[in-house]
Structure formats: C-alpha cells, structure tokens
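Student: What follows is each chain in one-letter form.
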Amino acid sequence: MGQQKQEKVRIRVMSFDNNDIVEAECSTLQEAFAHIGKKEITWINVDGLHDPEIIWDIGKRFNVSELILEDFMNTDHRPLYHEEEDQIFIIAKLMSVHQEHKNIESDQFSLIAGPGYLLTLQERVGTHFDPVRQRIRKTPTRELTINPDYLAYTLLDCMVDNYMEIIAEIGEQVEKLDAEVINHPRKDTINEIYRLRTEMNFLRKTIFPLKEISFAFLKSKSVLIHESSREFLNDLHDHVIVSGEALDSYMLMIMDQMHLYNASISNKANEIMKTLTIFAALFIPLTFIAGIYGMNFEVIPELKWKYGYIFFWLLVVFVGGGLFIYFRKRKWF
Amino acid sequence: MGQQKQEKVRIRVMSFDNNDIVEAECSTLQEAFAHIGKKEITWINVDGLHDPEIIWDIGKRFNVSELILEDFMNTDHRPLYHEEEDQIFIIAKLMSVHQEHKNIESDQFSLIAGPGYLLTLQERVGTHFDPVRQRIRKTPTRELTINPDYLAYTLLDCMVDNYMEIIAEIGEQVEKLDAEVINHPRKDTINEIYRLRTEMNFLRKTIFPLKEISFAFLKSKSVLIHESSREFLNDLHDHVIVSGEALDSYMLMIMDQMHLYNASISNKANEIMKTLTIFAALFIPLTFIAGIYGMNFEVIPELKWKYGYIFFWLLVVFVGGGLFIYFRKRKWF
Amino acid sequence: MGQQKQEKVRIRVMSFDNNDIVEAECSTLQEAFAHIGKKEITWINVDGLHDPEIIWDIGKRFNVSELILEDFMNTDHRPLYHEEEDQIFIIAKLMSVHQEHKNIESDQFSLIAGPGYLLTLQERVGTHFDPVRQRIRKTPTRELTINPDYLAYTLLDCMVDNYMEIIAEIGEQVEKLDAEVINHPRKDTINEIYRLRTEMNFLRKTIFPLKEISFAFLKSKSVLIHESSREFLNDLHDHVIVSGEALDSYMLMIMDQMHLYNASISNKANEIMKTLTIFAALFIPLTFIAGIYGMNFEVIPELKWKYGYIFFWLLVVFVGGGLFIYFRKRKWF
Amino acid sequence: MGQQKQEKVRIRVMSFDNNDIVEAECSTLQEAFAHIGKKEITWINVDGLHDPEIIWDIGKRFNVSELILEDFMNTDHRPLYHEEEDQIFIIAKLMSVHQEHKNIESDQFSLIAGPGYLLTLQERVGTHFDPVRQRIRKTPTRELTINPDYLAYTLLDCMVDNYMEIIAEIGEQVEKLDAEVINHPRKDTINEIYRLRTEMNFLRKTIFPLKEISFAFLKSKSVLIHESSREFLNDLHDHVIVSGEALDSYMLMIMDQMHLYNASISNKANEIMKTLTIFAALFIPLTFIAGIYGMNFEVIPELKWKYGYIFFWLLVVFVGGGLFIYFRKRKWF
Amino acid sequence: MGQQKQEKVRIRVMSFDNNDIVEAECSTLQEAFAHIGKKEITWINVDGLHDPEIIWDIGKRFNVSELILEDFMNTDHRPLYHEEEDQIFIIAKLMSVHQEHKNIESDQFSLIAGPGYLLTLQERVGTHFDPVRQRIRKTPTRELTINPDYLAYTLLDCMVDNYMEIIAEIGEQVEKLDAEVINHPRKDTINEIYRLRTEMNFLRKTIFPLKEISFAFLKSKSVLIHESSREFLNDLHDHVIVSGEALDSYMLMIMDQMHLYNASISNKANEIMKTLTIFAALFIPLTFIAGIYGMNFEVIPELKWKYGYIFFWLLVVFVGGGLFIYFRKRKWF
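Residue numbers (the numbering used here), protein chains in the order written: chain A, 1 to 333; chain B, 1 to 333; chain C, 1 to 333; chain D, 1 to 333; chain E, 1 to 333.
Isolated chain A (complex conformation):
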C-alpha cells in the first residue's frame, strides 16, 4: 500500500480480450486513447491528478459534462455515483496507512466506465490496484473483466478489501490499548484513544457514503451493466456493509475505552483522596487534644501533672493508633 508523491502524471494502459493482452505506459493521454477500441476493453489508469488539463482532455474525449469534471477535480469531493446514457461515473477514496507516521491517508479515486473502456484517475501513484492487474494478466480470471461493469466492480471490491485491512489494523491498535486503559491508564492514553477515534471517524466518513454508491450501482438500469454482474454488485454492497459494521464495532469499543479510561482515572483519584482523607482523619482528633491543652483555663488539672506531657503523648499514641487499627480492620486502606 506504499505510495510516493510524484510530480509527473503516470498513465498506464491495459487493453485486452480473451486471447490477447497489451500493457503500456504512455506519456500522453492521446497515446493512451489510441488503444481504445483495438481490443474488447481498454483500462486507462491515470495517477497524479494535479493537472486540470488532463481532466479537460478526458472530458472532451469521453464527452463528460463540466459538472462531473469539476467533481473529479475537487479532491475533497464526497463519494458519488452518477450515470449517463452509456457511462457510469464513480468517485470514491482510496485509503492507505502512511508507512512512517502510521496515520491514514486518503486519495481521491475517480472512475469512468463506458462501452469498451474504463478510465480511472488517482490523486497519487499507488499500488492499490495491483491485485486487479494480476487478475487481468491471468487467462482464467481475465475473461470476466472484459466487461467494463465487472472491471469497475473488481476495482471497487479491491478498494473495499483495502478498507477492511485498514480497519483490521486500527482494530488491533484498539485492542492493544485495552490492557493499558483498564490496568495502567496514563495521561497520554487519552490522546492515543482520541487519535484512533479521529481516524475511525475519518474512515467512517468514507465508508458510509459508499453504501449508497454500491447500492446505486447495484440497482442501476444502465445498459452498461450485464445481468451476470448483478450478483457481484450485490456482493460488493454486502462487503461495504460488512466493513461498515466492522468499523462500527471498533468505534463502540474505543468509545467504551474512553468511558473506562475516565472511570479508571476517576477511581484512581478517588483512591488517593480516600488515603489522604484517612490520613487527615487520624490527625483531626490529635489536633483537638493539643488544642485542649493549649487552653488557658485557670484550672486544667492535667497541665499540673508531673507526667502531663508524657500523658499527652500516650493519649496521642492511643487515639491515633486506635483509629489506625480501626480503619485497617474495616479494610479502608
């Protein structure tokens, strides 16, 4: 799932039918477009979406409305499914975990499917779709991908697989936190909890609109979609829902950890307070006794006693020790 930021655009073409497959890396879009129509299906993958020129060129070539093109260029766009007479447009997010900082990064991913071609656009160069490329290269599995609807399904399914892995990874981090939260809550445990919660919210915002997209794709009446693909689209929808549920269950878990963390912290503070209160309670009657013998009554017989001061100390030991034993016996500390 590694990615490198790249200045230049990378255009990869896979053009194939049942018998033959042509793979090429093109330097210009025109070169890539030239492949379309030669084989039964042509998949053009454009990595590095910075250049608006490219998107306009694509728009012109495939007769895409300006509105859609603008959505493609807006890298913050909400996942979207749209269909025209013989085209399907999908916008979604590719997720990846940054290899160093371990945080989740998202890439805008756009798709145009039409008769005999599939165009995919990615913000950055990535290896997300390598399993799909493998699949196309092998004869037995290639056959199905000749239909653009199935190829689009394969890409989306690959994307959702990727989500599942990321969710699983986050899930493991959540589970690791468990021991810490329950037994040794530290000050920065809450920050780690919060970081995970934020990442999950981020994932959630990507995965939840996908439900609508997979549903719309599944229910589509587009001429592009073969009856035989319905079942796969149904599986895709199930897959999206399952990943949403997995995420939800981890979100509940992190939420619970938050509550547990708060309870642990509060119990820890309570424990300290209790000990201090016991400590204070031991001294309170002693201070009272000292106060008594600091009074200025003319007649306080104890003050005249020869061993008055020793008597006082014995009293202190007796009262203090008695309370100490009493508190201990009641298992207060």
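No lab work stands behind these hints, which were simulated from the structure alone. Hints are not guaranteed to be accurate.
Treat identical chains as interchangeable: a pair holds within one or across any two.
What the hints assert, rightly or not - Under the rule of at most 16 angstroms between Cα atoms (straight-line distance), these lysine to aspartate or glutamate pairs were calculated in the EDC-like manner:
1) K205 - D178
2) K205 - E175
3) K205 - E172
4) K176 - D188
5) K138 - E83
6) K38 - D17
7) K138 - E85
8) K8 - E25
9) K38 - E70
10) K102 - E199
11) K60 - D130
12) K221 - E231
13) K187 - D20
14) K138 - E84
15) K329 - E192
Nothing here was measured: the structure is a model prediction, and the numbers come from that model.
Chains B, C, D and E: place on chain A using the hints.
Tutor: Only chains B, C, D and E this time, still in chain A's reference frame:
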C-alpha cells in the same frame, strides 16, 4: 438552499410533454390553472403560503376536501400522506440552513398529485427544487417526469437529498466538537452540544414520520401510480431510512459527547480536589505539631531548649518534606 | 379522545351494505341483536362494560365459551388474540390522555368478529372510533368495511393511530425536558423524568403484546379473513412495530436524560465541593502560621519584634493572596 | 404451574385417532408401550426421571443410541435437537415459578417423536402440558395432533408460552423496582436487582439455545415432518425469538436500574459530603480567628481591649453568618 | 479437546465410498497420496504443520500456487476463503481450552478440497474432528460425506460447534463473576474481567472473519459444490452468525460488569469518604471551641470560672453529641 422571506406569492408553472416544454411565472392562480391539460403534465409551484385565499382557490379547482386544506394551512402540521380516488396529498418539511445564523429552518411543503398535474405549495420561496427543474429541462431525463407519480417522487427524493446534506453538515460540527470535548472541555462546550442535540431532535421529528409517508406512498394502490414507479418509490423509502440512520448515528455520537463532557468535567474537578487535598494533607501534621508546642503543660522540655524554635522548624521541614517526597514517589501529583 | 365516566351502558349499532346504512342507539342488547342479518354487516358497539349480565347475554347470543367471557370481564387482561371456527376474539387496550391530569388512561377493548357481525366492547364511553364511523358513513370507503375482518382491521388501526399520537405527545414532553436536564437540573426534574418513564412503561406493556396479536391476526387461517385483507393486516402489523420502535426510541431518550440528570447533579455538587475545598485550602496554611505564633517556646524571636503582629498580618496577606493568585492562574475557580 | 416433588414415577398415556381417544395412567412402562399402535398416535408422558432403569427400558424399546440416553439422564444438559432416520429427539427445560419462594425452577424435558408415538420425559410431575391435553380431548383441535410432529410442536409451543408468562412476571417485578431505584434507593435494593438479574440470566441460558433447536426443527428434512407443519414450526421459531427479545429488553432495563442505583447512591453520598463540607467551611475561618488571638506576640492590641472577647464573638458571628448567607444565596444547600 | 504438542507429523487417511471405508495412519505424504482415487473420496489429515517440506510437497502434488502455500505456512494468517478452477482453499482457526491453564489456544487449520480428495492441515495434533470421523464410519451418515464440499462443510460445522462450546464456557465464567462484581468487588476482580475480555476479543477476531468465509463458501459458483449442499452451507453461515451473536452478547455483559465494577469501587470509596468526613465534621466545631479558650484575651470570663474546664468538656459533649445525633437522624451513616 438560500431563501428570502417574501411578501408576495410566486407562482411558477412547468408544462411539458416529450417534445415540448413551457415554463411560465404567473401572477394569478387562474393563469396557472389555464396551463393544465395543454401538455401531458403541468407542475404548478406556489411559493409563499400565507394567503388562505390561494389555498381555498386551489381547493375549489381540484376538488379538495376542507380537512386537507386545513392541514395545508397549518404550517406546523405533522408530515402526512393521504390519497383520494385519483389524487395524492403529501405534507412534508423542506429543511434549510440559515446562511447567517447557521441554524436549521423548516418550510412546510405540500403536494397534490392528480392525473396530468402536480401542485406544490411552499411556505417560503426557495431553491430546493432547482435540480428537479434542471432535470425536466433536459430531454433524456424529462421523459420519466411526465407521470405525476414519478415527478412527485423526484421532488421528495430531492427533499431527502437535502436532508442528507444537512445531516452531513451537522455531523461535521459534531465531529469537530470531539477534540474539544475530550481534551479541553469548556463551560460553553455543553451549550454547543446542546444546540446540536436540539437541532438533531428537530430533524428527527421531520425525518421519522417521513418513513411512514414513503412507505404509504410505496404501498399505495392509487391509480396514479405506475407499476414502473414502484422501484423508485422503494429507493425513496430506502433513502429516507438511510438518512434516518445517519441522523441516529450522529445522535448517538452527540449523546456520547455529552457523557464524555460530564466525565471530563468531573475528572477535571477531581484532579483539582486531589491536588488541594494533598496540599491540605501536608499542613495537617504541621498544624498538629504547632498545636503541641502551644500547649500549656508545666513540663514540656522542648520549650526550654535553647534551640527549641529551630528544632520546631527542622521538624516542620522534615515532616512536611518527607510527606511531599512520599506523595511524589507514589505519583499522587 | 375525551371520555366521560358513565353509569349506564351505551349501545350503538351500525348496520350497512353497499347501498344503505342504518345507525341506531339501542337501550337493550336484544334490540341491537335484532339488527344482525338485516344488512350485510352489523357493528354493535357496547360502551361501559361494568355489567356482567351484558357479557353473559353476548356470550349466549354468539355462542362464546365461558373462558373467553371471563377474559372479557377481566379489565386487566393482557392483550389477546383467539380464534374459533368462525369467530375471532381480540382483547386490547384503548389509550387516552386525561384532559385535566394529563396522565394516560387505558380502557379495555374487546372485539368479536363473526360472519356478518362485529361486536366491540369498551370499558368506558369513548370517541376513539369516530373516524371509523365517519369512514363507514361515506360511500366510497364503506365498501371495504362490509367484511368483518376489514372492519376489525380498521378499528385496530384506528387504535394504533391513537397510540402513535399519545407516543408523539409524550415524546414532545421528553424533548422539552432536555433543556432543563442539561442546563438547569432541579430536584423535581427527576420526578418528571420518572413520571414520563412510568407512563412509557405503561404504554410499552400495552403495545408490545400487540405485536403478537397483529402477527396472529395476519397469519390467521380463519375463514373470516379474506385474501384481500392480508395486505391491510400486514400494514397493521408494520404500524404496530413502528409505534413500538417510536416508543423505544423515546424510552432510550428518557433513560439518557436520567443518566444526564445524575451526571449534572453530580457535577454541580462537585463544583461546589471544589470551591469549598479551595476556600479551605486558603485557610489551612494561615491557621498553621497562627499556630506557630501560639507556641510557647521560650525563644521565638518574632514574638518580641515591635511590629511582630503586623509582620504576622503581612505574612497572612502574602501567603493567602499568593495562593489565591496561584489557584486563579491555574483556572481552578 | 405448581409441581410436587414425587418419589414415584408417573406414567400417563393418551392414545387417539380422529374418532376415539383412550387415556390411561400406567404403573409400568410395558403397560404404556402396549398402547402404541392401537390408535393412530400414542403419547406417553413419564414424570419423574430419577430412575435410570426406565430410561434404559425406553432406549431398548425405541432403539435409541446410548449417547442420547445419557443426554436424557444428564439433567443439566444443554437444550438439544437431534434426529435419526425416523426419530426426533429434543431436550429442553420446563420453567416454573416456585409458589412459595417465588424463584424460578427448571425441569429437564426430553421428547422422542417417532412414527405413531411421542414419548415425553419430565424430571418432576408438572401441569405444564395440561392445555395440550385439553386440546387433544376436544374433537376439532385433536385432528391436527394426530401427527407426532405437530404434537411435538404443540408441546414446545406450550413450553414457550410458559416462558413468556414467566418473563412477563419477572418484567413486572423489574418495573416495580423502578420507583424504588430512582427515588428511594435502599441498601438491599441492589440485592433485589441482583436476584432478578440472576434469574434472567438463568432464563436466558434456557431460551437462547432454544433458537437453534426451533430452527433445526423447522429446517429438518425428517420423514416425520409433514409439509403442513412447516408453518407451525415457523411460528414456533418466531415465538422463541419474540420471547428472547422480551427477555433481552428486561435485561437491558435491569442493567439500567443497576446503573441508576449506583448513580443514585453516589449522588446521595455526594449530597451528604457537600453538606458536611459546607459545615466545615463555615468553621475554618473561625478557627483561624481563634488561632490569631491565641498567638503570643507581645503586642496584639485587640487582646488588651476591654471588650476584646466580645469583639471576637462579634467577628465570629459576622464572618460565620456572612459565609452562611453567601452559601445559601448561591443555593449550595 | 485436549491436545499434545508433538514433534513429529501425524498423517491420517480416510478413504471411502458407500460400500467400503479404509482408514490408515501413514508415515509419509507419498503413502497418503497413494490412497487418492482408489475410493470415491480420500480425506488426508496432516497434524503438526512445522515442516515446510510437507507443505511444498502438498503444493506440488495438488498444483497449489506459491501464494496459497505461503498463507498456509503463516500460522498467524487471517481466516481466508479462496477458490481456483476445481479447488477450494480455506484457512481458519481451531480453538481449544488448555486443560490446565484454562486459557484459549488456537490452531491454524487449512483445508484443500478438490475432486475426490480433501486435505486438512493442523498446527498441532488435536481431537477436534473426531465426531466427523465417527460420522464417516457409520453407514447412514457416510453417504453424504462422499462429496468433498459436504465433507468440508462437516469439518467447518464441527469447528463452529467447538466455538459455541468455548463461548458457552466463557459465558458461564462471565455469569459467575456477576455476584462478585455487584456485591463484593475485589482488587483482582478487574483482572479476571480483563482476562475474560481479552479472551473474548481473541475469539472475536477468529469468528468475525469466518462470516465472510462461510458467506463466500455459500455463494461460491465452484464446480465442486453440489446444489444439494447449498442448504447446509446456508446453515453453516447461520451457525457462524449465531455464534458471533452469542459472543457479542457476552462481550456486552463483560463490558457492563466493567462499568459496574468501576461504579461499585467508586461507591465503596465514596462510602468511606463519607464516613471519614462525618468523623471530621464532628471534631471541627470542637477544635474551634478549644481554640477559643486558647486565646489570650485579657478578659475571657469562662477561663476564670471554677468549673471552667468542666464547662468546656460539657460543651464538647453537648456539641459533639448533638451533631452525632443529628447526623444519625438524617441517616447519614
């Protein structure tokens, strides 16, 4: 989604069939009614519902019972679905976020669908249905909207889309609160939480009865509803349910934030109390010592010592410092 | 939904077919029974169930087993669905909000459906079923109600509609409590919460067994039930389930309010404790200082100073003020 | 649902077809087995399972494997569904509320259904199945029970009905606790809550595996099961699920009461602490003042004042009273 | 479910058709492979997966891709379902409770199903599949297992049964903790709770991906899967889901216990603090009184009284006793 309060009523007519479309802005209802029947379908949209006269005129023209008309005029009416022999009546709420105050405003929206016409009434002038107008203007998508049931579906779907956007917007505000609640809860954080919760309750009261409406619409046996529309009505119902679920998940989230806020506030207070209790605990034995040497026993040897007072201070430093180090070691502060 | 307690029994008869309708108020059951068979269907509604005689008369006339009659007389009976060869027996509760005390009252409602007749028994005289009477009086909607199964469905549906209204009303009271609970929890807020919770529990106990009843009605193989009614019975079942869900969601809400109330009260008490502890913490070192200069060491140089007492007060101001500023700076109060 | 412990085994036989019914109480199993085959179906009910001999005899007569027989004898056995070529074996629990101690008791209940016979074994003599016996005795309902699959269904359904009643009874106890928990939590309230929770857990462990059993029964391909029974088995499964849901909802309720109880107890303790802290806070400055005038500075002018002591008391009243009024004003107590 | 760690690999073969069955324990894989094809189906079970050689041999014999072989060797592999033209590959975990330490242990379990053979690989020698072996040995149940898809189903179902037992066992431990948590929470109760929670998380990670596997198996279009097996695969999927739900319900329960534990601990600490605060509150006014008579005002009449000291003690008893009675009366302790 902007809206302007407007004194005058605005009447817009779209009358169309597969070949042709007529758009007009009329000054009187009669003018608008004149369009009905000329094309296959006529959509009359009346913005600004204040004038009961208009509603009575509509009632007369379309043979609507008084009961329904009264529901139309009651701008607080609960969402409603009702059907007569060849008419369908729907009352729902249009939502919009006020551009300045950022709070949610709702507009009563009423709909009468009959053979060859669709009448919509709105409390205020709004742009909610502009996407539908766009759709009608374009040939390929116009075709479907020629049936009043499908047109009604389109309007309701557009309304639910709008709900989704508002829910998403509120959701983002909820997510933004997260960091504040967990790390730096402030006194007015609770007010913000409460504001969001109130707005969600408001949305909830609009969206939940809609489930029944979309269900009734879906299950309707009215002659107005074409078999081909069932599927769309089913999608509408799904859409309503999805938006309800999205709202519910944000409501759970804000609820959780409330609990977290309370826990954070409570932990913060506990932390302060703990520190103060430690502070007090340091002084308690010292005060006891001072109390001892304030006693009036005839024989307290230390009082006669030359360096008695210095001895006292050394004792204070020793006891106070000892406790301080002990508390520190146990990581109590 | 108003009701008056009434000593006498009120017997209302509606006897009708597609062409004609006869409405009568009878003074005796025999008079009412005489209507049966004259039209296609006869609906006898007996309000005021106190008199066991009436129930025995009904039992004799319709050949009802003693067991069922006893269930009818037990006004605390759990909702019930029972069917015999050509009869259906239903026991349920009618709900109403008392106009003055605003609390929910329930009325036992029993129903016997047989070929060509429908008998309903109510504990008290009520207006619950007036919408059904309206429906029967109007020609187009009367047609359906000629079958006793559909008429029974209509009455139950009307009853569930009524539940929904009551749930909505309680829901509004719950929502109104929200602001109070979060911002200004008062001692009697908890009583109001408890009152609502109790009323919801009461509703819940009525609505939940209804699920089984509507399900049994739906699945019934009785000869009384026309195939065309299945769909309506299905809708009734959905309706019952929806009202149960609505109630559940308000119950969760009130539960949450209870937790929030407890948290608010606890935070409020904590806040006060914190302030008092700060107050105490300010005095603790001052009392220690006073204790020092109350000691009786022979040599305490400060005691001999000319401005010793003033020095003491300066010390008090310095230490007390210093702590005050320190606590303020750390935002402890 | 009462039961008596009984030393001796009680064997009851019902043997019947559409025309005729024979009921007998046998002293030996052989006597009972003799009825099998004489009528279309024979139901042998053995109460009092202590004697392993009886079970071995049954095993021999019906060709039951040792494994199953051992399961039958293990009165702690988990509910089980098993089928052989032409036999069905079911183990479940009969529940009853002890009439005096009000706690729930369970009885192992085992069932063997085969062509033309149904054998039921119960740990103790009970009246659980009297409604089924009634049903068999009456002609119209007897007809169905002639098939062993339907008779088995009837017994299980009767058992689940019984569960529902017990759940309802516990539910009522839970609801009664509500007022106590919220308004007047007592020390032993928690014990009552715990008792109910334990009983629910006990019920839960019985009802939850039943889901699998009713599902296996429903899905069975056994030759014993008539197609016409499917629907009833489906209803049985629904019934089991509904009772599970009812129990779950009460378990949630008792859980909530536990949390509320804890919150109430904690708030009560907080309230007391708050009052005590206010009390202490009133004395703290007064003790400081007394400390000041206990100091031994050579020059403390107030000490020489004629009305110094009275001045002190005025100061005490002024400071103490001032704080008292201030605390009151801020509504701290 | 006992297991012994074993150095050597154990290879067991069952080769059978409707008439005949051959069981053998082989010392080499080649010996085992020789059985394939002699009967209708051959099940080779390899226990002890340490030796990569064995896996490579298997790979060569059955034409398995290196990728799959690597997954087989990675004993931490996530559960997986994969199918090739005429082979099905499944990776899952066998669970067992260690007989001494009572903790859950997992074993990697891999399966290759192809036409006429089924190969299973286990990390350690176990008795998990003995029930399946029994089933094969008996004629009537053997018939079905002749198809590799059904045999694979039987093994997986056996595995899930095993999960259910382990979940039930953990569930019982959770229920036993209940009494302790509510009535007598001890310091190490939290550790026991945490241990159970960790084990459940471990189970959860095994069972949840299984849902996808059973679903993929059910939906598979592989030529290996007979139409008659669909139903069983559906039951398997249901079984997996039911076990997931059972686990979830226990996880909710342990979570609740955690919250209850925290609440109990907190209430216990509060109770102690309350008692100590009452204790302190009794002494506070007494210390004030002692402070008064320690003042050095020239005129404090009480100091000169003959019975001044006795008066002081009477005052102490009166004030202290009065407070004590007052606190008791308000039921503060």
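Student: Run every hint past the structure and note whether it holds.
Tutor: To see whether the hints hold, each was checked on the structure:
no. : hint        : result
1   : K205 - D178 : between (25 angstroms within a copy, 15 angstroms between copies)
2   : K205 - E175 : between (22 angstroms within a copy, 10 angstroms between copies)
3   : K205 - E172 : between (20 angstroms within a copy, 9 angstroms between copies)
4   : K176 - D188 : within (15 angstroms within a copy, 20 angstroms between copies)
5   : K138 - E83  : between (30 angstroms within a copy, 15 angstroms between copies)
6   : K38 - D17   : within (9 angstroms within a copy, 41 angstroms between copies)
7   : K138 - E85  : between (32 angstroms within a copy, 13 angstroms between copies)
8   : K8 - E25    : within (13 angstroms within a copy, 52 angstroms between copies)
9   : K38 - E70   : neither (30 angstroms within a copy, 38 angstroms between copies)
10  : K102 - E199 : within (11 angstroms within a copy, 27 angstroms between copies)
11  : K60 - D130  : neither (28 angstroms within a copy, 26 angstroms between copies)
12  : K221 - E231 : both (14 angstroms within a copy, 11 angstroms between copies)
13  : K187 - D20  : neither (61 angstroms within a copy, 68 angstroms between copies)
14  : K138 - E84  : between (32 angstroms within a copy, 12 angstroms between copies)
15  : K329 - E192 : neither (41 angstroms within a copy, 26 angstroms between copies)
Going through the hint list in order, the structure does not satisfy hints 9, 11, 13 and 15.
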